Amino acid sequence: MNTPTWTEKYRPKTFAEVRGQSLAIEKLRNFLKKPSTERGAIVLHGPPGTGKTSLAYVIANETKSEIFELNASDLRNKEKLNEILRPATEQKSLTKKGKIILVDEVDGISEVDRGGLSELVSLIESSAHPMIITANDIWDKKFSELRRNVEMVQLKEIDYKTIKDIMIEILRKEKKFIDGDVLTNISVKSKGDLRAAINDLQIASSLENPAEIIIDERNKEVDIFSAMRLIFKGKPNNSLLKIFDSVNMPMEEILLWIEENIPTEYRGEELAKAYEALSRVDIFKKRIYRQQYWRFVVYENALLSYGVSAAKKTEKLGFTSYKKPTRILKMWLNNQKIEKKKTIAKKYAKYVHIGEKRALYEFPTIRTFLLKPEVQEELNLTTEEIEYLNKEN
Amino acid sequence: MTSEIWTEKYRPDKFEDIVGQEGIIKKVKALVGSLNIPHLLFTGPAGTGKSTLALIIVKELFGESWKDNYLELNASDERGINIVREKVKNFARTKSFGNVPFKIIFLDEADALTPEAQQALRRTMENYSQTCRFILSCNYSSKIIDPIQSRCAMFRFKLLEKKDIEKIIRKIETAEKLQIKPESIEMIYEGSEGDCRRCINILQSTASVSPLINPDLVATIISSAKPKDILVVLDYAISGDFQKAREKLLDVMLKESISGQDVIKAIQKEIWNLPVEPELKVKLTEKTGETEFRIVEGSDPFIQLQSLLASFVLAGLGK
Numbered sequence: 142m143n144t145p146t147w148t149e150k151y152r153p154k155t156f157a158e159v160r161g162q163s164l165a166i167e168k169l170r171n172f173l174k175k176p177s178t179e180r181g182a183i184v185l186h187g188p189p190g191t192g193k194t195s196l197a198y199v200i201a202n203e204t205k206s207e208i209f210e211l212n213a214s215d216l217r218n219k220e221k222l223n224e225i226l227r228p229a230t231e232q233k234s235l236t237k238k239g240k241i242i243l244v245d246e247v248d249g250i251s252e253v254d255r256g257g258l259s260e261l262v263s264l265i266e267s268s269a270h271p272m273i274i275t276a277n278d279i280w281d282k283k284f285s286e287l288r289r290n291v292e293m294v295q296l297k298e299i300d301y302k303t304i305k306d307i308m309i310e311i312l313r314k315e316k317k318f319i320d321g322d323v324l325t326n327i328s329v330k331s332k333g334d335l336r337a338a339i340n341d342l343q344i345a346s347s348l349e350n351p352a353e354i355i356i357d358e359r360n361k362e363v364d365i366f367s368a369m370r371l372i373f374k375g376k377p378n379n380s381l382l383k384i385f386d387s388v389n390m391p392m393e394e395i396l397l398w399i400e401e402n403i404p405t406e407y408r409g410e411e412l413a414k415a416y417e418a419l420s421r422v423d424i425f426k427k428r429i430y431r432q433q434y435w436r437f438v439v440y441e442n443a444l445l446s447y448g449v450s451a452a453k454k455t456e457k458l459g460f461t462s463y464k465k466p467t468r469i470l471k472m473w474l475n476n477q478k479i480e481k482k483k484t485i486a487k488k489y490a491k492y493v494h495i496g497e498k499r500a501l502y503e504f505p506t507i508r509t510f511l512l513k514p515e516v517q518e519e520l521n522l523t524t525e526e527i528e529y530l531n532k533e534n
Numbered sequence: 030m031t032s033e034i035w036t037e038k039y040r041p042d043k044f045e046d047i048v049g050q051e052g053i054i055k056k057v058k059a060l061v062g063s064l065n066i067p068h069l070l071f072t073g074p075a076g077t078g079k080s081t082l083a084l085i086i087v088k089e090l091f092g093e094s095w096k097d098n099y100l101e102l103n104a105s106d107e108r109g110i111n112i113v114r115e116k117v118k119n120f121a122r123t124k125s126f127g128n129v130p131f132k133i134i135f136l137d138e139a140d141a142l143t144p145e146a147q148q149a150l151r152r153t154m155e156n157y158s159q160t161c162r163f164i165l166s167c168n169y170s171s172k173i174i175d176p177i178q179s180r181c182a183m184f185r186f187k188l189l190e191k192k193d194i195e196k197i198i199r200k201i202e203t204a205e206k207l208q209i210k211p212e213s214i215e216m217i218y219e220g221s222e223g224d225c226r227r228c229i230n231i232l233q234s235t236a237s238v239s240p241l242i243n244p245d246l247v248a249t250i251i252s253s254a255k256p257k258d259i260l261v262v263l264d265y266a267i268s269g270d271f272q273k274a275r276e277k278l279l280d281v282m283l284k285e286s287i288s289g290q291d292v293i294k295a296i297q298k299e300i301w302n303l304p305v306e307p308e309l310k311v312k313l314t315e316k317t318g319e320t321e322f323r324i325v326e327g328s329d330p331f332i333q334l335q336s337l338l339a340s341f342v343l344a345g346l347g348k
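These protein sequences, in sequence, are chains Z and Y. So the first sequence is numbered by the numbering used here: it starts at 142 and just counts up by one. So the second sequence is numbered by the numbering used here: it starts at 30 and just counts up by one.
Hints listed in this document are in silico derivations from the structure and should not be mistaken for laboratory results. Take these hints with a grain of salt, some might be off.
Unchecked claim - Once the Cα atoms are required to be at most 20 Å apart in a straight line, the calculated EDC-like pairs of lysine to aspartate or glutamate come out as:
| hint | chain 1 | residue 1 | chain 2 | residue 2 |
| --- | --- | --- | --- | --- |
| 1 | Y | Lys312 | Z | Glu410 |
| 2 | Y | Lys312 | Y | Asp264 |
| 3 | Y | Lys284 | Z | Glu480 |
| 4 | Y | Lys273 | Z | Glu406 |
| 5 | Z | Lys498 | Y | Asp280 |
| 6 | Z | Lys483 | Y | Asp280 |
| 7 | Z | Lys464 | Y | Asp280 |
| 8 | Z | Lys427 | Z | Glu393 |
| 9 | Z | Lys483 | Y | Asp270 |
| 10 | Y | Lys310 | Z | Glu417 |
| 11 | Z | Lys174 | Z | Glu149 |
| 12 | Y | Lys284 | Z | Glu497 |
| 13 | Z | Lys487 | Y | Glu101 |
| 14 | Z | Lys481 | Y | Asp106 |
| 15 | Z | Lys427 | Z | Glu417 |
| 16 | Z | Lys482 | Y | Asp106 |
| 17 | Z | Lys175 | Z | Glu203 |
| 18 | Y | Lys312 | Z | Glu411 |
| 19 | Z | Lys457 | Z | Glu411 |
| 20 | Z | Lys491 | Y | Asp42 |
| 21 | Z | Lys482 | Y | Glu107 |
What the hints assert, rightly or not - A few chain Z residues that don't get close to chain Y, going by computed Cβ distances all over 10 Å:
| hint | residue |
| --- | --- |
| 22 | Pro176 |
| 23 | Pro189 |
| 24 | Arg313 |
| 25 | Asn389 |
| 26 | Leu444 |
| 27 | Thr461 |
| 28 | Arg468 |
| 29 | Tyr492 |
| 30 | Thr523 |
| 31 | Ile527 |
| 32 | Asn531 |
Since we're looking at a predicted model, the values are computed, not measured. Each residue gets a CB set at the ideal place from its N, CA and C atoms; glycine is no exception.
Produce the entire structure from the sequences given, and follow the hints as far as they go.
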């Protein structure tokens, strides 16, 4: 038996069923109302799983139209194109149904193969039927010509609460139950990609323990823990050089883990040596970035594993519980916290003819008199900014 | 309208009102009198009057309509030379108002631009030299590429002397009906390191607490503004508690939004007061210099500073 995947089964059929994209729907409706001579094409763009293709099918359904779907390779194939376009460009169709031409995922057309894109642009000019184009990144420079010829509608990542609601509804229809925490986890992990979330949901629902679906993330941590144990505890040996291959984590993140845990294991001289190695790793990281010379990765790797390991004189015994890196989180939290400070500094900087960085640096000195209402009024501070100042003192 | 922010309220708006920098004022005044100025390069420490002089120049040149003929940019705030170029282009497109045949663009902190960006800036200066004159300001002229230096008349601003600062403070004292003890002036001057803007800011902060400016009050204001926590960080490191030092360092950097370079500056000054052998002080200074170099080159400041702190732990152990 061929059962559709949930992403197919629960694809919206009507505008009413489409969630969290009301602005886009409004624009699409207006687009379809225009006479064909003024219409051109509309581009739905946004990250994967935000409903671009779904929306196209919903419109077709709502306007009782047929969809002609073209893909990147069709655009290079003149014969095929004619075959599709001939009926499509004929004013009257046999079935009396309207037609919509859908060009899905134009990102697939490569930059080298510009023919396909210019074919698409000329197609827009000649088509008598509404054209809908979907793209992930419409700001790619290969689309510059296309952008001039179309109307653009951006689809936003779907917020996790909406995703969670949709998942709950699906489960209700499927008569299944999954714990709310797991659903929250899935929806947050999806980062606004509804399709990915529904896929995860379907897999989770088939597991004996649905919570296992999020174990993926945790596995990564198991790897990094054992890697750190080998680096920090044991004597340096050549197998360390490959140790990060088995850690399913970007180098950037591994570096943060090591950085966080050097002081939990090392003291005195070994501490200094380990940090020196780490500091060199960071320098190589910057050099790779600047010069795009990727062979430096070798040094980055070796210093971070063997280099940190060799900082100690003797093996370490016993169990150490390693910590999760918190720096990025702290930085993020702090950025939220000092956002108001930054906007205040910006206003002040402009007013007294200095740079924003300088104003931030001077902030502790000026803070006291920024509390004066006359000054606040003069700088046009908002109520939130004034609140921030009052709270700080 | 007079400002409630004293650095603005007491910003001189005539050549005669500027305190210090006499040599520069005389020359610039003569240039402005001839209604034809070359590109100018103002170099010198912060708070010595570079922006003020630029503002006076445009006010003298354009009178009432100065705002229409003046564009102020800060190189360290603009995201890349292209933004600078774009703004310059838009501004320079229209002709100046009045009888001065050019407009003025003031580019502050020009030394924040990379050499490549400065090359691009040079082209821009040439392209619009018919309609615009540039006044560049920087802390270090050595960070400005030669081709730009050679196209500008350079003026080196000096740190204000104590007598200059005192003059400014006394003027504000009278106008704001304050009472300032001589020791307080001494203290404000020390705390400002010759930066006139800081002086006035410290004074206004102190005065917003009380019009009686006594040394204790000034000291409180200054110390609350100083990254004194850096000293705490070093104390932890020297006493061997690296974890605490590291935590505190991140805390200070985030909460006060102090850059890595500012932290380094504070550390470098504190080394000489640490309870360690002279030989180790030299070693630490060397390591501090190396760390600063790495940060300037673009390394992650927090990683580099941790590495430096580890050296302080060693120094605490006498190594």
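Status of the hints after comparison with the structure:
1. Y/Lys312 - Z/Glu410: holds, 15 Å
2. Y/Lys312 - Y/Asp264: holds, 17 Å
3. Y/Lys284 - Z/Glu480: Since the Cα atoms of Y/Lys284 and Z/Glu480 sit roughly 11 Å apart, the hinted pair holds (cutoff 20 Å).
4. Y/Lys273 - Z/Glu406: This hinted pair holds, its Cα atoms lying about 15 Å apart.
5. Z/Lys498 - Y/Asp280: Since the Cα atoms of Z/Lys498 and Y/Asp280 sit roughly 19 Å apart, the hinted pair holds (cutoff 20 Å).
6. Z/Lys483 - Y/Asp280: Holds. Z/Lys483 to Y/Asp280 sits at ~17 Å (cutoff 20 Å).
7. Z/Lys464 - Y/Asp280: holds, 18 Å
8. Z/Lys427 - Z/Glu393: Roughly 11 Å separates the two Cα atoms, so the pair holds.
9. Z/Lys483 - Y/Asp270: Distance of about 33 Å is beyond 20 Å: violated.
10. Y/Lys310 - Z/Glu417: Since the Cα atoms of Y/Lys310 and Z/Glu417 sit roughly 19 Å apart, the hinted pair holds (cutoff 20 Å).
11. Z/Lys174 - Z/Glu149: violated, 28 Å
12. Y/Lys284 - Z/Glu497: Roughly 17 Å separates the two Cα atoms, so the pair holds.
13. Z/Lys487 - Y/Glu101: holds, 14 Å
14. Z/Lys481 - Y/Asp106: The given pair, whose Cα atoms are some 17 Å apart, holds under the 20 Å limit.
15. Z/Lys427 - Z/Glu417: Holds. Z/Lys427 to Z/Glu417 sits at ~16 Å (cutoff 20 Å).
16. Z/Lys482 - Y/Asp106: The given pair, whose Cα atoms are some 16 Å apart, holds under the 20 Å limit.
17. Z/Lys175 - Z/Glu203: Within the cut-off at roughly 16 Å; holds.
18. Y/Lys312 - Z/Glu411: OK: Y/Lys312 and Z/Glu411 at ~18 Å, within 20 Å.
19. Z/Lys457 - Z/Glu411: holds, 12 Å
20. Z/Lys491 - Y/Asp42: holds, 18 Å
21. Z/Lys482 - Y/Glu107: Since the Cα atoms of Z/Lys482 and Y/Glu107 sit roughly 19 Å apart, the hinted pair holds (cutoff 20 Å).
22. Pro176: About 38 Å separates Z/Pro176 from the closest Cβ of chain Y, which puts it past 10 Å; holds.
23. Pro189: Fine: 29 Å to the nearest Cβ keeps Z/Pro189 off the interface.
24. Arg313: For Z/Arg313, whose nearest Cβ neighbour in chain Y is about 45 Å away, the distance exceeds 10 Å, so it holds.
25. Asn389: Holds: least Cβ distance 23 Å, greater than 10 Å.
26. Leu444: Non-interface label on Z/Leu444 holds, nearest chain Y Cβ at 12 Å vs cutoff 10 Å.
27. Thr461: Given a closest Cβ separation of 13 Å, the condition holds.
28. Arg468: Its Cβ does come within 10 Å of chain Y, the nearest being 7 Å, so this is violated.
29. Tyr492: violated, 7 Å
30. Thr523: The claim holds: Z/Thr523 sits with its nearest Cβ about 18 Å from chain Y, beyond 10 Å.
31. Ile527: holds, 15 Å
32. Asn531: holds, 14 Å
Of the numbered hints given earlier, the model fails hints 9, 11, 28 and 29; all others are met.
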